[in-house]
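Chemist: Spelled out from the first residue to the last, the chains are:
2 protein chains.
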Amino acid sequence: MTRSLRPALCFAAVAVLSIPFGAGAAGPAPSDPEVAAMQRQALAGERTWQLVTSLVTEVGPRFAGTPGDAQSIAWAERALREAGFDRVWTEPVTVPRWIRGTATAEILAPHARRLEVVALGGSGSTPPGGIEAEVVEVFDVEALEALPEGALAGRIAFLSRPMEQRADWTGYGEAVPIRSRGPAVAARKGALATLIRSVAIGPDRFPHTGATRWEEGTSPAPTAALAVPDAELLHRQLAAGAPVRMRLVIENEHAGEAVSANVIGEFRGRERPGEVVLLVAHRDSWDIAPGAQDNGTGVATMIEAARLAATASRQGPRRTLRVLLTANEEFGLSGARAYAAAHAAETGSIVLATESDQGGGRAHGLLVNFAAEDAAASGELAALLAPLGVALRSGEAGGGADLSPLAPLGVPLVDLDLERARYFEVHHTINDTLERVVPADLRQATAAWATVAW
Amino acid sequence: MTRSLRPALCFAAVAVLSIPFGAGAAGPAPSDPEVAAMQRQALAGERTWQLVTSLVTEVGPRFAGTPGDAQSIAWAERALREAGFDRVWTEPVTVPRWIRGTATAEILAPHARRLEVVALGGSGSTPPGGIEAEVVEVFDVEALEALPEGALAGRIAFLSRPMEQRADWTGYGEAVPIRSRGPAVAARKGALATLIRSVAIGPDRFPHTGATRWEEGTSPAPTAALAVPDAELLHRQLAAGAPVRMRLVIENEHAGEAVSANVIGEFRGRERPGEVVLLVAHRDSWDIAPGAQDNGTGVATMIEAARLAATASRQGPRRTLRVLLTANEEFGLSGARAYAAAHAAETGSIVLATESDQGGGRAHGLLVNFAAEDAAASGELAALLAPLGVALRSGEAGGGADLSPLAPLGVPLVDLDLERARYFEVHHTINDTLERVVPADLRQATAAWATVAW
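Read top to bottom, the protein sequences are chains A and B. When you line the first sequence up against this note's numbering, it's residues 14 to 467, in that order. When you line the second sequence up against this note's numbering, it's residues 14 to 467, in that order.
Please keep in mind that the hints were generated in silico from the structure rather than gathered at the bench. Just so it is clear, the structure is predicted and the values come from calculations on it, not from any experiment. Just so you know, even glycine gets a beta-carbon here, dropped at the ideal spot from N, CA and C. It is possible that some hints are incorrect.
[Said to hold, decoys possible] Here are the computed distance ranges between Cβ atoms for each label pair:
id, chain 1, residue 1, chain 2, residue 2, range
1, A, L121, B, A414, 31 to 37 Å
2, A, A122, B, T231, 39 to 45 Å
3, A, E177, B, R100, 44 to 50 Å
[As the list claims (entries may be wrong)] Under 8 Å between C-beta atoms, here's a sample of chain A residues computed to sit facing chain B:
id, residue
4, G73
5, R126
6, E129
7, P216
8, D217
9, R218
10, E229
11, P242
12, L246
13, R249
14, Q250
15, S391
16, L394
17, I443
18, E448
19, R449
[Unchecked claim] A few chain A residues that face chain B, going by a derived Cβ cut-off under 10 Å, partial list only:
id, residue
20, V69
21, A83
22, Q84
23, A87
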């Protein structure tokens, strides 16, 4: 029964840089001794990793309105209390309740094959017993729009545009319309159902879910994503020229609304309590995903970064540090919208807002949207981050999805750019597990966010 | 509808070495001009890739006794004929018929979670409705054997030994007893069912199937493999100390026997037709796997290597080249045993036998079991392979699994050692697709086997 021989598990290569002042740092320590000590602590710390491990082990998937969502509210309250936050509270949020059922796709001819498929969030259902129909391949939404009305009547549309791998978000941004808009456009052209190639990089056989939008007043059609290898297989069968027939069964339920919550923790500022640094991460995951990278790492990083910044000095934090762990980012930004609505009057007190929703990769870039008169502040922040290998980039910070309701209100934003190849391999799949997170990268990102919070 | 923008897909990095005489070669061309030309053709050729693509696209999974198995017999006959083999024939083989049904595993307490699980080949079934029981973790078969009789009565055994990643087969060999022997031993100790950690490297959430053995006269118990991250999760929950309860539903059918076939193609030797070079690869895959690496690459490589060797000279091959594509390697070596039994009288005519069943990685090592008086022959072969980066290794060739019935009969064996990290990531999973095969590596392996066949 004993476990005498288990080797230390570390799938992910841990790149150890030459270390002038602490593991994971890339240059000499910052001139401010408090920041240097705080970064050193972050780079040696295990707490972010322990938080992700706990969330993934004890809660797992936590899609809006599910039992896992409720458990993750309790988990987050406990985690914030245990981290020593002065105040911890929840604010109720109404979320849509979409319940995943069956999704199977099977090529019947010319060469029979079962495909790996996952319904997109918000997908409708096929009629009882499913549908059998011919598949028509269309490259992207532009090609779809160019089709005559009714061109897809009685058919299954297959949107096959691949996502390109790039260092920034543009590859995702260019590919994602086949998921977010494609199914509605295909339905308008008469399609019985839509299959998309997963919006993903990587050759692994995991279909990637995600939200799709339906026009007001329309009834959601059945729509699902194929794993990349399955999309390639379908493409090869179609390219051979013979008609490809498929059986598709997709059953989901739109079950009205449910109540979830934003979970909020605050360290009160010692010097300027009225100035709030807002650290945001979404607490929810997709229903199929343990959500280690998306967004357990973000939740854990923000909690630990705030704790480090709050305890860097004996006197406590200079400004108020508020960690906002939102409800339902994935399926409609419910928590972010609720927070922006409830706290509209206080946005003037936010001196800085930042969001973590890119997984647990290393931070390498800094973007801000500060007004010209605050150039000194961004220079100071960049100097403090430089030892971690984070460089100021041109361009303007936009915040992540959960900051999108606040950004238009003129809130000062800081974005940290993370390495995210690993993120897009597992994004919205069952493979988003702890084993895909690199502890050393997580420590470095924690150090970077603690510096931003400080 | 057009496909104007699809980028060339190549997930796998294609390492292009500096090329003295052809793409993929590692040194100067062999002194024999026929071999040099043949290797050059292999290193530039697309046929091996086309064969795997065709098998994976048109047939897919081809487990013993299934419709896919029958389709793959027809596919193999056609492929051998189209490659110009002089004779193509089949020999019937009786195979066991095991039919996979449901397999679900769900932790009920302390933290509910659905796990990714796949029944092992030969697994029995839980009673109708499944079982609910406490899970007991045991490291490996040795620890199992050390338990008192009845120690696992009423429990689910969880065998958690990880597989270590090594350059050779020893990591697999050391871990595989938890799959092949563990379930039977656990049943003997009273376990209701057995779960194992997949015998696999890599952090991805694919459970790996494979065969397990039951002692004569015992009734197969329900047994399944967990994906590596799920085994880690279960381990973490158990390590926390509270009892872990699980619901397990496993339903399979032992359906007697079916008829399959070995498919054989032959190029008749021009100089010494009575001397046979036997090139072996198994045609079957696991039922859940498209079987690109295991063993579509082997099938394709052997067909193309024989074709290249047979056509290297205008006069045809010196010796008879026989490609044997066996039935049911995965679930009992049925084809290999049937071939050895049917051809026992002719084993003396086999001057060389070799097998491909390690995926489509690059060949880097050569092993032989030739008698001392044939040292010159192995030296000659090593010299011809050296330009491809293949080096003679110490140790003795043992042949693959399908050569195990022939090896004891004193057949001269050649093993090519392939790079196989990629192989053990996808081995016996749904992820064993074309996208995990590197075309350049496949070309190099084809060149190496053509040289062996020549």
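Chemist: All the hints need checking, so say for each whether the structure fits it.
Modeler: Against the structure, the hints:
no., hint, result
1, A/L121 / B/A414: 31 to 37 Å, "holds (35 Å)"
2, A/A122 / B/T231: 39 to 45 Å, "holds (43 Å)"
3, A/E177 / B/R100: 44 to 50 Å, "holds (49 Å)"
4, G73, "holds (5 Å)"
5, R126, "holds (5 Å)"
6, E129, "holds (7 Å)"
7, P216, "holds (3 Å)"
8, D217, "holds (6 Å)"
9, R218, "holds (4 Å)"
10, E229, "violated (29 Å)"
11, P242, "holds (4 Å)"
12, L246, "holds (6 Å)"
13, R249, "holds (5 Å)"
14, Q250, "holds (6 Å)"
15, S391, "violated (37 Å)"
16, L394, "violated (35 Å)"
17, I443, "holds (5 Å)"
18, E448, "holds (4 Å)"
19, R449, "holds (6 Å)"
20, V69, "holds (8 Å)"
21, A83, "violated (12 Å)"
22, Q84, "holds (8 Å)"
23, A87, "violated (12 Å)"
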